[in-house]
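Trainee: Below, each chain spelled out in residue letters.
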Amino acid sequence: MFYREAGDFKTSYADDSQTFPIRFDRLRYYAVIAVAFGIVPFVINDYWANAVFVPFLIYAIAALGLNILTGYCGQVSLGTGGFMAVGAYACYKLMTAFPEVSILIHVLLAGGVTAVVGVLFGLPSLRIKGFYLAVATLAAQFFLVWLFNKVPWFYNYSASGQISAPERTILGQAVTGANTTASAKYLFCLIILFALAWLARNLTRGTVGRKWMAIRDMDIAAEIIGVNPLTTKLSAFAISSFYIGVAGALFFAVYLGAAEVGEAFGIQKSFLILFMIIIGGLGSIFGSFAGAAFMVLLPVLLKNVLVGQLGWATDLAAHVELMIVGALIVIFLIAEPHGMAQLWRLAKEKLRLWPFPH
Amino acid sequence: MPDQLLYAIEAGLNGLMAGVLYALVALGFVLIFKASGIFNYAQGVLALFAALTLVGFQNGQIPFAHLLNAIFGTDLHEFGWHLPAIVAIVLAGGVMVLLAIVIERYVLKHLVNQAPIILFMATIGMAYFLEGLGDIMWGADIKKLDVGLPQGINETIDSVTYNAFGYGFFIDNLDIVASVVAAALVISLTIFSQYSKQGRALRAVADDHQAALSVGISLRFIWVLVWSIAGFVALVAGIMWGSKSGVQFSLSLIALKALPVLMLGGFTSIPGAIVGGLIIGMGEKLFEFFVGPMIGGATENWFAYVLALLFLVFRPQGLFGEKIIERV
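If you read the sequences in order, they're chains F and Y. Residue 776, in our numbering, is where the first sequence stops; the numbers in between run on with no holes. Residue 1372, in our numbering, is where the second sequence stops; the numbers in between run on with no holes.
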């Protein structure tokens, strides 16, 4: 009734090619933005920020990054954890080396450093494909984690081998360190996520994104119609790694505060983010958000129910959680291999015909 | 002979033995990949699960004791018997076959014709599930596995090499047993797939699913069969690794080590898995021996992957893999 194109007349090309062509979608989008920026920061408390919102925002950035590489360009990567570690350590080195420069610039630079590393490990993708590439990216994962463990320069020769974020402020508000308020953390991550998501959405609609998708759908055919596989694949690796690096930097500096590389950025993290984009939906911006929300909320929910309500021991609850996550992934893949984004698409299709389905 | 060379030979030999164990895990991967085109990430967790089940049966643990205690407030732990190793192995094998049937019926059947990446993700989901299940069934503590395999330094090799070179090589008896078992396993699998009726059907399915279906081979039966064999291989690998370093979570990570082995050997080749395992096993020990001290050690964590990565750049299908021909 309210969700359809009919009656929504476009009078210019700009109107015609806008991101949300249906008025209801547009309004919903503005409403979400308004709530996220205007209401949540004022009501958020430490528990919600640390358990739900901040990890969700950061994982959403990482999922966007991996979705660009895997969902849009079709290059499966299992090195996400390693690339996040690059972002975290680059951010740490920059923060401690240039304390007077704004943290925002450091986070973006950390993304840039990760992009360079990502391109380096993306080079083999020109020769190897599919699973072979996925396993090759494992080399990045293990090598990078080992590197950050073994070379003391990366953690400034600290005795524990950990890196910990010093306090940095933006406009007088602490965003890293112990004195950060929940809303400062939240807003800092939200602004970066908003900018990156906007960028990703527009990149994937444009020439770059179409080239990625052409390579994903069939690389030889894409090459024949004039898509350069070298620049296309490497640009996907670079941009994806940039996102993942930014996510890693935020994960360390804002969320964790102090990190040990094997624990914070191990192979489990790579799989976690891969799950997010599979469950959310490959090749979909909305899917990255949905998957990140799902994988962040599920453990919180299960923990509250099993430990809080039923009073089970935490280790037993952790094992049950593993089983449920595993089973859910399998069930999801069987029921809807294209993820939550596809469910969303179907719901919208249905809604367009509602309430007169004929 | 100079000492350095002797140490290197010893490290290399130990690497060969470790490589055999990698090859054992890789073998399970290859079997499933050939028969169903599924890249089975859960192979390592299968090994862990098999070993846990074996220890559980041996010690007469009550399955799900923790869970039952938490739900009903009971205090169950053990049946109070100890099964002989051979009975426990047979029972654990039975559980693996059961697991294969369950996996086929409730997972694979519903995922026919999906993209390989979806199937791969499904096996990761299965790996998580099995990991949780194993922990809930048998408890998450590190367990000692002893099925009566000989362990410790092999005195004969030690004394022979001592007399010959003036330096006794340290070779674990268990590693020797593992190599013998792996060799026997490969030979029997080869004979099975070459000469038995089911083995032929298995190769037919590996060649071409549709052609195999059209001559009346039951795909579903073959899948159960191949997952059972993979479960059995996982059991053997679990026994070997479990006897060596205890049954614990890290056991499932050897599956990841098997991936570079496969890439080196080629995903579709059983001899490739063996040769790849030996190369990786020996390579990482020798690399650690010669280069490790210079760059801080613990290179075993990544050496295999980087080696495989560099190798693939020059030969994308691995040593023995089928050449990939792409057409538009």
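Because the hints were derived from the structure by calculation, they are not lab data. Possibly wrong hints are sitting among the right ones.
As the list claims (entries may be wrong) - FRET-style restraints, in silico, Cβ to Cβ:
id, chain 1, residue 1, chain 2, residue 2, range
1, Y, G1081, F, N463, 20 to 30 Å
2, Y, F1214, F, N574, 36 to 46 Å
3, Y, P1315, F, D464, 53 to 63 Å
4, Y, V1146, F, A731, 39 to 49 Å
5, Y, V1224, F, W466, 25 to 35 Å
6, F, Y575, Y, Q1238, 22 to 32 Å
7, Y, Q1048, F, T625, 55 to 65 Å
8, Y, D1252, F, V458, 33 to 43 Å
9, F, E754, Y, D1185, 55 to 65 Å
10, Y, Q1048, F, A613, 22 to 32 Å
11, F, K568, Y, V1224, 50 to 60 Å
12, Y, G1081, F, A639, 54 to 64 Å
Even for Gly, the Cβ is constructed at its ideal location relative to N, Cα and C.
Trainee: Each hint needs a verdict: does it hold in this structure or not?
Mentor: Going down the list of hints, with the structure as the test:
With their beta carbons about 50 Å apart, Y:G1081 and F:N463 fall outside the hinted range of 20 to 30 Å. Separation of Y:F1214 from F:N574 is about 40 Å and conforms to the stated range, judged on CB atoms against 36 to 46 Å. At about 58 Å, the CB distance of Y:P1315 to F:D464 agrees with the hint of 53 to 63 Å. In this structure, Y:V1146 and F:A731 break the distance hint of 39 to 49 Å, their C-beta atoms being roughly 27 Å apart.
In this structure the supplied range 25 to 35 Å is violated for Y:V1224 paired with F:W466, their Cβ-Cβ distance being about 59 Å. F:Y575 and Y:Q1238 have their C-beta atoms about 60 Å apart, which leaves the hinted 22 to 32 Å range violated. Checked against the hint of 55 to 65 Å, the C-beta distance between Y:Q1048 and F:T625 comes to roughly 58 Å, which is consistent with it. Between Y:D1252 and F:V458 the CB atoms are about 56 Å apart, so this pair departs from the stated range of 33 to 43 Å.
Remark: the range hint 55 to 65 Å for F:E754 to Y:D1185 is contradicted by a beta-carbon distance near 38 Å. Judged by the Cβ atoms, the range 22 to 32 Å given for Y:Q1048 and F:A613 is violated: they are separated by roughly 57 Å. The beta-carbon spacing between F:K568 and Y:V1224, approximately 37 Å, falls outside the hinted interval of 50 to 60 Å. Distance hint for Y:G1081 and F:A639: a CB-CB separation of about 22 Å, inconsistent with the stated range 54 to 64 Å.
Checked against the numbered hints above, the structure breaks hints 1, 4, 5, 6, 8, 9, 10, 11 and 12 and satisfies the rest.
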